[in-house]
Each structure stands twice: as C-alpha cells, then as structure tokens.
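Novice: In case you want the letters, here they are:
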Amino acid sequence: MICIAHIVAMKVGIADTTFARFDMGAAAIDELKKNASMRIERHTVPGIKDLPVAAKKLIEERKCDIVMALGMPGATPIDKTCAHEASLGLIQAQLMTNTHIIEVFVHEDEAKDDKMLAELAGRRTREHTQNVIKLLLKPKLLEKDAGMGKRQGSEDAGPLRL
Amino acid sequence: MICIAHIVAMKVGIADTTFARFDMGAAAIDELKKNASMRIERHTVPGIKDLPVAAKKLIEERKCDIVMALGMPGATPIDKTCAHEASLGLIQAQLMTNTHIIEVFVHEDEAKDDKMLAELAGRRTREHTQNVIKLLLKPKLLEKDAGMGKRQGSEDAGPLRL
Amino acid sequence: MICIAHIVAMKVGIADTTFARFDMGAAAIDELKKNASMRIERHTVPGIKDLPVAAKKLIEERKCDIVMALGMPGATPIDKTCAHEASLGLIQAQLMTNTHIIEVFVHEDEAKDDKMLAELAGRRTREHTQNVIKLLLKPKLLEKDAGMGKRQGSEDAGPLRL
Amino acid sequence: MICIAHIVAMKVGIADTTFARFDMGAAAIDELKKNASMRIERHTVPGIKDLPVAAKKLIEERKCDIVMALGMPGATPIDKTCAHEASLGLIQAQLMTNTHIIEVFVHEDEAKDDKMLAELAGRRTREHTQNVIKLLLKPKLLEKDAGMGKRQGSEDAGPLRL
Amino acid sequence: MICIAHIVAMKVGIADTTFARFDMGAAAIDELKKNASMRIERHTVPGIKDLPVAAKKLIEERKCDIVMALGMPGATPIDKTCAHEASLGLIQAQLMTNTHIIEVFVHEDEAKDDKMLAELAGRRTREHTQNVIKLLLKPKLLEKDAGMGKRQGSEDAGPLRL
Numbered sequence: 133m134i135c136i137a138h139i140v141a142m143k144v145g146i147a148d149t150t151f152a153r154f155d156m157g158a159a160a161i162d163e164l165k166k167n168a169s170m171r172i173e174r175h176t177v178p179g180i181k182d183l184p185v186a187a188k189k190l191i192e193e194r195k196c197d198i199v200m201a202l203g204m205p206g207a208t209p210i211d212k213t214c215a216h217e218a219s220l221g222l223i224q225a226q227l228m229t230n231t232h233i234i235e236v237f238v239h240e241d242e243a244k245d246d247k248m249l250a251e252l253a254g255r256r257t258r259e260h261t262q263n264v265i266k267l268l269l270k271p272k273l274l275e276k277d278a279g280m281g282k283r284q285g286s287e288d289a290g291p292l293r294l
Numbered sequence: 133m134i135c136i137a138h139i140v141a142m143k144v145g146i147a148d149t150t151f152a153r154f155d156m157g158a159a160a161i162d163e164l165k166k167n168a169s170m171r172i173e174r175h176t177v178p179g180i181k182d183l184p185v186a187a188k189k190l191i192e193e194r195k196c197d198i199v200m201a202l203g204m205p206g207a208t209p210i211d212k213t214c215a216h217e218a219s220l221g222l223i224q225a226q227l228m229t230n231t232h233i234i235e236v237f238v239h240e241d242e243a244k245d246d247k248m249l250a251e252l253a254g255r256r257t258r259e260h261t262q263n264v265i266k267l268l269l270k271p272k273l274l275e276k277d278a279g280m281g282k283r284q285g286s287e288d289a290g291p292l293r294l
Numbered sequence: 133m134i135c136i137a138h139i140v141a142m143k144v145g146i147a148d149t150t151f152a153r154f155d156m157g158a159a160a161i162d163e164l165k166k167n168a169s170m171r172i173e174r175h176t177v178p179g180i181k182d183l184p185v186a187a188k189k190l191i192e193e194r195k196c197d198i199v200m201a202l203g204m205p206g207a208t209p210i211d212k213t214c215a216h217e218a219s220l221g222l223i224q225a226q227l228m229t230n231t232h233i234i235e236v237f238v239h240e241d242e243a244k245d246d247k248m249l250a251e252l253a254g255r256r257t258r259e260h261t262q263n264v265i266k267l268l269l270k271p272k273l274l275e276k277d278a279g280m281g282k283r284q285g286s287e288d289a290g291p292l293r294l
Numbered sequence: 133m134i135c136i137a138h139i140v141a142m143k144v145g146i147a148d149t150t151f152a153r154f155d156m157g158a159a160a161i162d163e164l165k166k167n168a169s170m171r172i173e174r175h176t177v178p179g180i181k182d183l184p185v186a187a188k189k190l191i192e193e194r195k196c197d198i199v200m201a202l203g204m205p206g207a208t209p210i211d212k213t214c215a216h217e218a219s220l221g222l223i224q225a226q227l228m229t230n231t232h233i234i235e236v237f238v239h240e241d242e243a244k245d246d247k248m249l250a251e252l253a254g255r256r257t258r259e260h261t262q263n264v265i266k267l268l269l270k271p272k273l274l275e276k277d278a279g280m281g282k283r284q285g286s287e288d289a290g291p292l293r294l
Numbered sequence: 133m134i135c136i137a138h139i140v141a142m143k144v145g146i147a148d149t150t151f152a153r154f155d156m157g158a159a160a161i162d163e164l165k166k167n168a169s170m171r172i173e174r175h176t177v178p179g180i181k182d183l184p185v186a187a188k189k190l191i192e193e194r195k196c197d198i199v200m201a202l203g204m205p206g207a208t209p210i211d212k213t214c215a216h217e218a219s220l221g222l223i224q225a226q227l228m229t230n231t232h233i234i235e236v237f238v239h240e241d242e243a244k245d246d247k248m249l250a251e252l253a254g255r256r257t258r259e260h261t262q263n264v265i266k267l268l269l270k271p272k273l274l275e276k277d278a279g280m281g282k283r284q285g286s287e288d289a290g291p292l293r294l
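Protein chains in written order, with the numbering used here: chain A, 133 to 294; chain B, 133 to 294; chain C, 133 to 294; chain D, 133 to 294; chain E, 133 to 294.
By construction, these hints were calculated from the structure, which means they are not laboratory data. Since the structure is predicted, the reported quantities are computational estimates derived from the model, not experimental observations. Just to be clear, a hint being listed does not mean it is correct.
Stated by the list, open to error - Pair ranges (Cβ atoms, derived):
| no. | chain 1 | residue 1 | chain 2 | residue 2 | range |
| --- | --- | --- | --- | --- | --- |
| 1 | D | K195 | E | E251 | 39 to 47 angstroms |
| 2 | E | P209 | C | R255 | 45 to 53 angstroms |
| 3 | C | D241 | E | R283 | 33 to 41 angstroms |
| 4 | A | L294 | C | K270 | 45 to 53 angstroms |
Every residue gets a Cβ at the ideal spot worked out from N, C-alpha and C, and that includes glycine.
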C-alpha cells in the first residue's frame, strides 16, 4: 500500500517550447499516462534557452520529482550554440536542485525529411519517458542496462562486440 | 477585481544597451503599453555582457517579475563570443532568481541592409514582448502553441509537414 | 584499529551510463573489491550529461566520500560537445561538494576496433580506480608520482627526457 | 548636500594586469580624477584570468560600488581562450555580487602597430571610464543613448540608417 | 613583530598532477623556500581537471591563503578542451572562496623538445611563484609592473614601444 501511495505522489515536470516543430510535450504526457500513474505539470516556453529556468521552477515551485526538457534546436551554427548554452544551463539547474532533468533534444538536421524528423522526435521522447519512469521507480532496470549501448530514438548501438 | 489588481502589480524589466544600433527598449515598452497594464523598469548598459547583472538587479533590487534582455551583437567572431558569454550569464541569472529573462538578440549579420535589420529588430522585440505577456498572464496560450514552430521576427517555421 | 575502522567506513560512488558500450561500472566495482574494503553505491543513468547530478546525489544523499563518473562519449561533434558539457558539470559538482569526482571517459574514436576499445575502457577504469584508492587512503603515493607523466589506459608518457 | 555626500562616498575598483603592455589602470584613474570625486581602490594581478576574483575582492573586501576590469589579451588562439574564460568569470562575479564590473579588454591584434594599439587602449579605457561614471551617477544618460550604436575606443557605429 | 608573525602564518597550497611530465610542484616549493617563510600544503591529483576541487579543498579544508594550480596539458584537441575546462573551474573556485589561485599551465606543444619544455616549466613555475609571493606580501610591486608586458617563462613582451 505504501508503495502505491508513493507512486501516485510522484510528479513529472514537462518543459517544452513553441519553437519546436513537433509537440514533444504531448508525446511525453501520452507515454507517461500509458505507463505509470504520475502527476504531470507542464510549462511551455518560447525556446530552448528558456528551458533551464522553466525546469528549475517546475522542481522548486511546482514540486516535480523529475523534469523532461524537450526541444528541437535548428540546424544553423547559432542554433547549435543555443543548444550548447541550454544544455549547460540544464546541468546547472540539476546541480542546484539535486534533481534529474532529462534533456530530450532533437536537432532539425538529424533526419532527411519532415516525416522522419517527426518520427524520430516521437520515438526519442517516448524512449526517454521510459528512462524517466525507471529513474523514479525502477533504478535497478537502468543498472541492468549499464554499458549496453542504449540509444533513444534510433537503434541501440549495443555492447562492444568482442 | 483580484485579477485586475494582480495585472496592475506585475512589473517588467527592460535591460538594453547603448551598443545596439536600434532602440529595442523603446519598441518593447511601446508594445507593452499597447497590450497590457504593466509597470516598467528600464536599465540601459553599455554592451550585451553587461546585461546579465543588469537583469539580475532589475529582478532583485527593482522587483521585476520578468525581464527582457535586448541586444544587437556585431558580426565578427569576437562579437559572437560576446553573445555566447552574455547568453550563458543570462541563463545563470535566471537560475539564481527563478525568474524568466527573455533574451532578444538580433545579430548584425542577420539582414542585408540597415533598413531590413531595423525592421527585424522591431518585429522580434515586439513578438517576444507578446511572449513575455503570455508567460506572465496567459501561460496556457504558450502551451497551445507547443511544437508549432513559432519564430520571432521572421516567418514561423510551423509544425513539421507530415 | 581506528585506521581500519576508517577504511571500512569509506564509501565510493559509481555513476555510469546505459549509453556506454562497455560495463565500466562493473570493472570499477571489481577493481575496488580486489584492492580495498570500501562500501560501494551505484547510480546508473541514461547518458553522460546525467552524470553530474548523479555524482552529486551520490555524495550528498548517499554519503559517498568520492565518486567515479564513467562514460563513453561517441565520435561525432555533438558527442564531443556533450562530453565537454558533462565535464564542466562534473567540475562544478566537485566545487559544490568539496569532494573529488574522478571522470573516466573513453571516447569511441580512441581505438581502432571494438576489441581494443573494450580493453582500453577496462584498463582506464581500473587504473583510475587505483587513483581513487590512493586519493582516499594513500595520498602520499600520488605525491610521489607528481610530474611522472602517468596515463590511464595507455602507456605512461613518463617524465621529460633531459 | 546629501547628493554630494553620496558622490564622495562612491568607490571605484580598478583591477588590472602586469601582462598588459599599456598601463590602462593609470589611464582609468586619471580619467576618473578629472571627471568625478570618486574614491579609488586598485588591485593589480598577473593576467586576465586573475581578474574575476580580483574584481570580486574589490567589491566584497574593499567595498567598491563598481569595478573596471582592464586587460590586454594576446593574439594567439590560447590568448583568445583565456579572454573567453576571464569574461565568463567576470560575468559570474557580477551575478554573485549584484555589482557591475565593466570589462575593458584590448586585443593585441586590434591595431596595426604599437602606437595605434596604445592609442586604442587609452581611448577605450577612458571612454569606458565615462560609462562607469554614468552607471554610478547618471544612469539616465545611458538610457538616452540606448540603441545609438556607441563604441568605445573607435568611432561610434551610430544608429541604423533608415 | 606583528608583521613577521603575519608572514610566518601565511600558507601556500600547491595543487599538482601525476599527468605532468615535470615536477612543477617541487620547483614551486623550492622557489618558495628560497624566498619566503611560508607554510606549504601539497595535494597531488591525477590530472588537470582534478585541480579545481583540489585547490578549493586546500583553501577551505587546509586553510591556504593562496594556491598554485600546476599542470601540463597535452598537445591534442581533447587536451586543449580539458585545459579550458580546468581553467573555468579554477576561476569558479576562486570566486567561491575570494582567494587567488594562480594557474600555471605549460602546454606540451609550447617547446620543441623535452629539454626546452622542462626549462620552460621550471622557469614559468618559479616566476609565478614570485607572483604568488608578491600577491601575498608585496602587492605594491605588482602595481608598479602594471602594463609592463610581463610574461612568465619566456622573455617579457615589455610595454608598447611608442
């Protein structure tokens, strides 16, 4: 009984952007609802550089136990710099809160066309949602996969072939 | 009544520079006044690397609920490095205050001539001012636009075409 | 007696990833068990950018005296950027806790084939595990090796030849 | 009377280096003395990477209201990296103290010969000293110049020509 | 008498690495002993990325008044990135402690052969040790050299020739 009460109490924050060209937030929420009984808080911001403080606010003001930071950086050099800045801020936000923030970024130049990019964004978001559930509820499953060359969105690299 | 009192109480900080070649601060203030009843605090500094502490002072000393950090980085490599440093500082300032700072940077090499650059600077500033209003007063409008490929200053990319 | 009690009380944190293609965590734990009587805490996360907060949680929540942060960055430019971001976060985590976190990263392009990469990952992990033991229990052994051109995983460069 | 007392009480910190090839500190102090009744504290350090903590100590230990960080980065790639690191540290120091630190860097490759470089260093230092005075005593003058394309050391770019 | 007591009480921290191919720590300690009556604390770590927390621990746990961070980054791109990360961490450690940490890095590609590299490492370490003594005991000597183009390890650039 205590265990179930614990699961119900867990809260996942979803930080996403209007810049993204795919609704990664909706995909994450759908995957969460299908697989676990979490409470969900969502905070949508304009772009990826707004995600670090959005995630920190979800943790500190809206009491999330973990946050997913979802974004789609563009393909130009300035976009890559923005993604780098956002990533550094997300790491810093985690260190300030002792809370995991799972960054799910899909770069616009990772796929050949819009259709494949949407599929990649959906798959990566959903597979990282599974990681979020494991981090919160089943950390031993991650330990079992240590060193197994897991990838999110594309095929696993797998362990080194000896 | 409580709602209106709340709107009146909101305060927006404007941090801008003398380095910029367009008065982005004036555009932001004009757009704010046309669309909402916010109080406004302005702090003009020499260059974009002065913006992070300017924004933090607007938040902590002048009690702003959100800040717009407005700047126009030049076109040379050293200017790009300055913009990168300023962006990292702005993210850090947000994390230290749990307050959004909306960065509005217009790079001098983003347009072909002075006239187009001024138009871009005006449009981007005004469209980000709309984001600021939404973040403060109507966050559900941002959520509705999640994944819609919104851009500020140029045409929206729109959602991926499937 | 006090000395032995002290050794028994020491706790080493192992932070590793499911992204890695070699179980560096298992290698570190094996090497620790063969060489010292440490208590071990393990926290496996998806990727290297999750390591900084994982290490900080091991230190602050699970009371580790030192942490090993184990990862295998990929070979593409974005992977190199991720490794850079993770490294900066690991340094920051150390400064926030006054605790050493020994980063053991093996880049996928450091070896010609899977077999050599696995051997490198194993050797580097084990040799850094020896450093961890020295940092905790025998710091004078490190001082004796100061300036000796030590390398982990490959042959020592040795001191400059005069 | 209160106003004058206030002006007298203001203290400006000068952080400069022995690495620089021009005495920017002396230029700043001369310009300050000619234009305002400020108290001055000086802290000279070896190189630009020593400036962030020097500035923070001037603020926190010697009670400066603002600091000028003066340096002359060299022309090689490693020098550029040092300047980048120093700039990030200066921004961080400002955020930790809520105090402006005006960075005045003159890169050795900004001028064709020693004479022009010295003139540039002198002019930029003095023009930024004017900014320091405005930030402390006449912030409305900076606001009036918002978006006017001001430059320090070289000719103003001016506002965009429409 | 008070003055002498003060000098005796000063403590210098030496943070160095086993990765370096020259015993910079020994050179610094020798130079310190020849020139001043400081107490010395040494903490040797594996590599330069371990130096920031080593320096902070020397300051906070072993009460050093200043620290020298000594390292020899390798010549490859990844080594340069490591040096950059270490430098950023050292600046951050200084800001967190309001204490100078003098970074003395000698890059492996700064000299043509082992002999010249060793000489450079020795000279730079000793000349920076002189800076450390000045920072602690004779800050006015540094101020006298402001803008004089001082270099450590190689010939001084000297002031600009007008």
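Novice: All hints are to be evaluated individually against the structure, with a verdict given for each.
Specialist: Hint by hint, here is what the structure shows:
Checked against the given bound of 39 to 47 angstroms, the beta carbons of D:K195 and E:E251, roughly 44 angstroms apart, stay inside it. The given range of 45 to 53 angstroms is broken by E:P209 and C:R255, whose C-beta atoms sit roughly 22 angstroms from each other. A C-beta distance of roughly 36 angstroms is found between C:D241 and E:R283, which places it inside the suggested range of 33 to 41 angstroms. The hint said 45 to 53 angstroms for the Cβ distance between A:L294 and C:K270, and at roughly 33 angstroms that hint is violated.
In this structure, the hints that do not hold are numbers 2, 4, in rising order.
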